[in-house]
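Line by line, the protein sequences are chains U and C. Residue 172 in the working numbering sits at position 172 of the first sequence; the count goes up by one each step and never skips. Residue 50 in the working numbering sits at position 50 of the second sequence; the count goes up by one each step and never skips.
The set of hints was computed from the structure by calculation and includes no laboratory data. Where is the CB? At the ideal position from N, CA and C, for every residue including glycine. Hints may contain errors.
Unchecked claim - Between beta-carbon pairs, the in silico distance windows are:
| no. | chain 1 | residue 1 | chain 2 | residue 2 | range |
| --- | --- | --- | --- | --- | --- |
| 1 | U | E102 | C | L84 | 13 to 23 angstroms |
| 2 | U | W97 | C | A24 | 20 to 30 angstroms |
| 3 | U | G27 | C | D72 | 34 to 44 angstroms |
| 4 | C | E102 | U | V13 | 43 to 53 angstroms |
| 5 | U | F123 | C | G28 | 19 to 29 angstroms |
| 6 | U | F123 | C | S57 | 50 to 60 angstroms |
| 7 | C | E47 | U | R117 | 51 to 61 angstroms |
| 8 | C | L84 | U | A153 | 20 to 30 angstroms |
| 9 | C | S60 | U | A157 | 15 to 25 angstroms |
| 10 | U | E39 | C | D68 | 13 to 23 angstroms |
| 11 | C | D72 | U | A146 | 40 to 50 angstroms |
| 12 | C | R37 | U | I40 | 20 to 30 angstroms |
| 13 | C | S60 | U | I40 | 49 to 59 angstroms |
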Amino acid sequence: MIFGRSERGKPPVEPVTLKILVAGGFGVGKTTLVGAVSEIRPLRTEELLTEAGRPVDDTSGVEGKRTTTVAMDFGRITLREDLVLYLFGTPGQERFWFMWDELSEGALGAVVLADTRRLEDCFAAVDYFERRSIPFLVGVNCFEGADRYPAEAIRQALDLDDGVPLLLCDARDRESVKEILIGVVQHAMAYQADRRQTVTT
Amino acid sequence: MSAEGQGRSHWFDDEAGPVVRPYAMTRGRTTSAAQHRLDLIAVVVAESQADDPEADSTLSPEHVDIVDLCRDAPQSVAELSAELDLPIGVVRVLIGDLVDGEFVHVNRPVPPAELVDESILRDVINGLRAL
């Protein structure tokens, strides 16, 4: 076989790409979770906040203005040569909600990562996905030294709908994170089946 | 021009930002008509029959970098942004130029309103289990 020419002539595999979002408060372990299953070290992609992101150009006070950067960490899992799953950690700060809209467009589903010591940090994310009808599950990251609570108590504290799965997990553990992701996809599947039924009946 | 008249605050080193402002690479353009809101997981594929991008004087080194990366393997918009250390908005504009020049084409992911095929979801679950 002659390398080079024949290799070049071979059309590249153009994979189908899917994404799952990982949301939750600051320091809850989003990037750790991504890193536990990603085949690449989590990469960082950034967007600068410039006038482009605003409806009206306002240059007053621009002399003192610094550019703000929104960063998102993401990882990749090649499931098959032609099927690639991306995991995106959402930017934690609430002032970057507009980036969430872009990220969640076309997302398969989402994981809301929760820490029982700061449960309130994930309220905003739960609310966000509920409102936009994006299938999500809650993963309770069991930190060492944090008190353990029964799943039912956490569910009540978060006021979760019955349909939303809640799993206890360890964001550092690959097997645990795999279970979480499988849970999201299964939930998305059930969710879509429901939706189809509503459409046809 | 006197240094005293320049105002009180000066930006030094990193404070002043990158030497080349990222959006200078796009000649100030922040959107590309065709590639507006190109998804982060849209896949950019190099056209195998395309001309050598380096021979095209209208393209910047960053354009050439994108084509080179995509020639190795198709790349998502997010990966190109991370790899080239450029903001997503800049990468989108550059990709738009390359699509116009027929150096690359873009495969968009499943449109938002459309539901993902159930067999693909099954494949994802099986793929995750097999990891």
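Hints violated by the structure (numbers, ascending): 4, 5, 8, 9 and 13
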